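Go by the hints and put chain B onto chain A.
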Amino acid sequence: MTHDPSTRGHAGEAGSRGPRVRSDCWIRFEPAEKGGLEIELKSTAEAYYGESIDALLREGCAALGAEHGALLCEDGGAVPFVLMARLEAAIREAGLETKGDWLPPIHDPARGATRRDRFRRSRLYLPGSQPKLFLNAGLHRPDAIILDLEDSVAPAAKLASRILVRNALRQVDFMGAERMVRINQGELGLSDLEQIAPHGVDLILIPKVESAGEVQAVDGRIRELSADEVFLMPIIESARGVANATEIAGASDRNVALTIGLEDYTADIGVQRTESGEESLWARCAIVNAARAFGLQAIDSVYSDVGNVEGLRASVDEARRLGFEGKGCIHPRQIGVVHAALAPAANEVDRARRIVRAFRKAEARGLGVVSLGTRMIDPPVVKRALATVDMAIATGRLAGDWESADEE
Amino acid sequence: MSELIRNAAGRLIPTRINELETKPYQGVGAWRPSGRKWSPPIRSAADFPVDGNKCVSSIHDALKRAGIRDGMTISTHHHFRNGDLVARAIFDAAAELGVKDLRWFPSASFPCHAPLIDHLESGVIHHIEGSMNGPLGGYCSRGKMRGLGVLRSHGGRWQAIQDGEVRIDIAVLAAPTADPFGNATGDRGPSACGLLGFGLADSLFADHVIVVTDNLVPFPCVPWQIQGNNVDSVVVVDKVGDPSRIVSGTTQITKSPDRLLIAEYAARFVRDSGIMRDGFSFQAGAGGTALSFGIYLREMMREAGVKAGFVRGGSNRYLVEMLEEGLTPYILDGQTFDLEGVRSMRENPGHLNTSPFTSYNFHGKGNFASMVDVVILGATEVDIDFNANVVTHTDGRLLHGIGGWQNCLASKCTILAVPSFRNRVPVVLDRVTTLCGPGELIDVIATERGLCINPRREDLIEALRGSDLPLIEIAELKAEVERICGGPPAKPAQSEQVVAAIQWVDGTTIDCVHAVK
Numbered sequence: 001m002t003h004d005p006s007t008r009g010h011a012g013e014a015g016s017r018g019p020r021v022r023s024d025c026w027i028r029f030e031p032a033e034k035g036g037l038e039i040e041l042k043s044t045a046e047a048y049y050g051e052s053i054d055a056l057l058r059e060g061c062a063a064l065g066a067e068h069g070a071l072l073c074e075d076g077g078a079v080p081f082v083l084m085a086r087l088e089a090a091i092r093e094a095g096l097e098t099k100g101d102w103l104p105p106i107h108d109p110a111r112g113a114t115r116r117d118r119f120r121r122s123r124l125y126l127p128g129s130q131p132k133l134f135l136n137a138g139l140h141r142p143d144a145i146i147l148d149l150e151d152s153v154a155p156a157a158k159l160a161s162r163i164l165v166r167n168a169l170r171q172v173d174f175m176g177a178e179r180m181v182r183i184n185q186g187e188l189g190l191s192d193l194e195q196i197a198p199h200g201v202d203l204i205l206i207p208k209v210e211s212a213g214e215v216q217a218v219d220g221r222i223r224e225l226s227a228d229e230v231f232l233m234p235i236i237e238s239a240r241g242v243a244n245a246t247e248i249a250g251a252s253d254r255n256v257a258l259t260i261g262l263e264d265y266t267a268d269i270g271v272q273r274t275e276s277g278e279e280s281l282w283a284r285c286a287i288v289n290a291a292r293a294f295g296l297q298a299i300d301s302v303y304s305d306v307g308n309v310e311g312l313r314a315s316v317d318e319a320r321r322l323g324f325e326g327k328g329c330i331h332p333r334q335i336g337v338v339h340a341a342l343a344p345a346a347n348e349v350d351r352a353r354r355i356v357r358a359f360r361k362a363e364a365r366g367l368g369v370v371s372l373g374t375r376m377i378d379p380p381v382v383k384r385a386l387a388t389v390d391m392a393i394a395t396g397r398l399a400g401d402w403e404s405a406d407e408e
Numbered sequence: 409m410s411e412l413i414r415n416a417a418g419r420l421i422p423t424r425i426n427e428l429e430t431k432p433y434q435g436v437g438a439w440r441p442s443g444r445k446w447s448p449p450i451r452s453a454a455d456f457p458v459d460g461n462k463c464v465s466s467i468h469d470a471l472k473r474a475g476i477r478d479g480m481t482i483s484t485h486h487h488f489r490n491g492d493l494v495a496r497a498i499f500d501a502a503a504e505l506g507v508k509d510l511r512w513f514p515s516a517s518f519p520c521h522a523p524l525i526d527h528l529e530s531g532v533i534h535h536i537e538g539s540m541n542g543p544l545g546g547y548c549s550r551g552k553m554r555g556l557g558v559l560r561s562h563g564g565r566w567q568a569i570q571d572g573e574v575r576i577d578i579a580v581l582a583a584p585t586a587d588p589f590g591n592a593t594g595d596r597g598p599s600a601c602g603l604l605g606f607g608l609a610d611s612l613f614a615d616h617v618i619v620v621t622d623n624l625v626p627f628p629c630v631p632w633q634i635q636g637n638n639v640d641s642v643v644v645v646d647k648v649g650d651p652s653r654i655v656s657g658t659t660q661i662t663k664s665p666d667r668l669l670i671a672e673y674a675a676r677f678v679r680d681s682g683i684m685r686d687g688f689s690f691q692a693g694a695g696g697t698a699l700s701f702g703i704y705l706r707e708m709m710r711e712a713g714v715k716a717g718f719v720r721g722g723s724n725r726y727l728v729e730m731l732e733e734g735l736t737p738y739i740l741d742g743q744t745f746d747l748e749g750v751r752s753m754r755e756n757p758g759h760l761n762t763s764p765f766t767s768y769n770f771h772g773k774g775n776f777a778s779m780v781d782v783v784i785l786g787a788t789e790v791d792i793d794f795n796a797n798v799v800t801h802t803d804g805r806l807l808h809g810i811g812g813w814q815n816c817l818a819s820k821c822t823i824l825a826v827p828s829f830r831n832r833v834p835v836v837l838d839r840v841t842t843l844c845g846p847g848e849l850i851d852v853i854a855t856e857r858g859l860c861i862n863p864r865r866e867d868l869i870e871a872l873r874g875s876d877l878p879l880i881e882i883a884e885l886k887a888e889v890e891r892i893c894g895g896p897p898a899k900p901a902q903s904e905q906v907v908a909a910i911q912w913v914d915g916t917t918i919d920c921v922h923a924v925k
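If you read the protein sequences in the order shown, they are chains A and B. Heads up: the first sequence at position 273 corresponds to 273 in the working numbering, and the numbers run straight through without jumps. Just so we're on the same page, the working numbering is the position in the second sequence counted from 1, plus 408.
If you're looking for bench data, these hints aren't it; they were derived computationally from the structure. Wrong hints could be hidden among the right ones.
[As the list claims (entries may be wrong)] If you only want the chain B side, here are some residues facing chain A, beta carbon under 7 Å, derived:
| id | residue |
| --- | --- |
| 1 | Pro626 |
| 2 | Asp666 |
| 3 | Asn831 |
| 4 | Pro900 |
Bear in mind the structure is a predicted one, so any value in this text is a computation, not a measurement. No residue lacks a Cβ here, since even glycine has one placed at the ideal position from N, Cα and C.
In isolation and in its complexed conformation, chain A is listed as follows (with noise of 0.2 Å):
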């Protein structure tokens, strides 16, 4: 790019551009020495919101100290946030120092009501670089979201995405869903933390994590950076990974669950990845355990044959079969199939039914010991069958109110 003696620094952009762009906008910062801010608008809500965007362009250049310059904003749709992130991402690419803070303010009622074990059946991977997907994400009642900072963003976008990342975090309603980014690799994903850990995430997802100290570089990042409990769910994609996967699940106190990357572990150990997936079982099995061994969760891949609602009803099910209590979703209308076939089925219901009833009564009676019938009943079981009647309850296939429900 030759560069106008008048100009200061290099033109940046940031989003996406096109007749089929919706609900995300480009925009283009050229910066300049002096004559003040000149706008060009273009965006398919003009009549209704033309001058709110222009008033939000110009707010957020005094605000990021950009205030000279010219600005392109070719918008199809974006809401606030979406304007907000783009215009910083694009002075940011000018190579200005931007100053202070221009943040969207607080939204998600829901947030900070996550748990160490709440359920995390099923979680929906949203591309960081396509907001059009953020919006509604919450409706599908997915346990979680992620925000994909890694594989589904291109290297260009990496840097706009974890700004729009951020806004999300701050602005989308995601209806009660955990909310899970997932930084990138190394010394990208940490710095990606520094926009990431202050803004209300409740959990962060590290890619191929080979060893404990990767999880524990971020632990470190994450505590310089916020007081906030933020949870940690390691991703193992390699042979070294599955090699060391119990010391990576006990790597870190933030650590809640343990998940395995498919495609990449099946390439690296240099097979294709099949329907039955009986490459990968060991590997599967080796992640069960190790998060076992930690309390944690052990969460599978995902199914990526979206079409094939079959296909993923037994891959669930054999998942669960396995020991795992979740699945990765990268379409919507997988998360009520994901859920139906994690849903206890119902003599397993009604089993845990009535030995949580016998645990409740001896717990009244002081009793130490949990019989049913003549028979005791190991506190292992007790708990499962604690965690059964949970997610029965979750699933809709027991009332909340059972237990006076049965006295009566």
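Frame of chain A, contents of chain B only:
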């Protein structure tokens, strides 16, 4: 420019619409017609060939024999949807004949009719009275048409014809199969479109009726959906339509997860409210959301072992499967949206051919629409009083025709399945840009953020008690949408110039459309 007056819905409308004095909308069911129906001139068999052969050489020739002259009204039907080749041929022929100032009165227009803009520009066509979308809608919205566009529902078009409000000089009815006498059917032939119901009124009330076909069969053409006794002449052409585009409406199942969610909510509403029970009836429109609704509902009917009493078309392969599976004994069909619908109409005696007269005409002794238990429709906008718009975009541009939409509002339960916002533009507003359907007839608005039940329908609210469907007050929904979109949308400035009138089902004028600035 005509003066404006305020109708019972509070909308300002012109006092004259083209040559006619406006009847302002007075409220649902308030206007009472009087007098007798319009009738075409009496003819004598003495003037028609005794061998029954009414074939003439070309559309040009047929128009000339019909006495085409300046200012006449030419009507067409839209069963060929976006594959129609006949409308253009008519006005090309009219241009060759040097005729000017024609009124085109189609039952609907499609993007394939964009070339008719040349005839509007050159003066061959004066104006269009019928649904306009795509390029023709844009042309009208920019205020370039000489007369006012008049948008009517399918039932309203029948009403306007039978009441003599629109007098058709020449009806040109494209037919997939016809005989030389003029008997015609839509259910067979290389351009099969299922039925010809949208052209039926034209065949009964027009002064002259021309049948155009690319599949002439010896007398008798059976079944005769159009009776040859009403037909003046028959023209054979190479092609009446492009079959690949005839069934090209919005007939794909949506892949959008949000629209699937809306469809699922609507279907669960029908089930949980108790509307879905043995013998019930439903109608779903042609959009992707409505199609998906049908698929969800079918699954729920199977699970519950419920069978419908009848289902209303537009038909598609999913409805045909329901008919063949025994989930409904009848499809009462107004138009076929795919080739499976065409095949079924031809082969299955339970798949019945209906017309706007039987289904929708408000100036008749009842109609089928009010007997339907539940109907799922779309809309471009809704407002907090449950009023809805189906013809214009929020900036006032004409976008869709009314179709059977207004007529279907008569059903026992009307559900509008709409996203709460589209591409940052809110769909739920304080006041719809163009009023097409009064809120008192709209019972449920189903969005991806939950369902709003019209407070007038206490029975439905009661029926849903205990359901786990997400119900939301419409004002609350509007507030949430505005939070996401960044405040309420600014109201785009409207031009003074009125470009189109919106007729209610009884021929009164419910609203009008202004030119886009």
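Here's how the hints hold up against the structure:
1. Pro626: 48 Å, violated
2. Asp666: 5 Å, holds
3. Asn831: 3 Å, holds
4. Pro900: 4 Å, holds
Consistency with the previously given hints fails for number 1 only.
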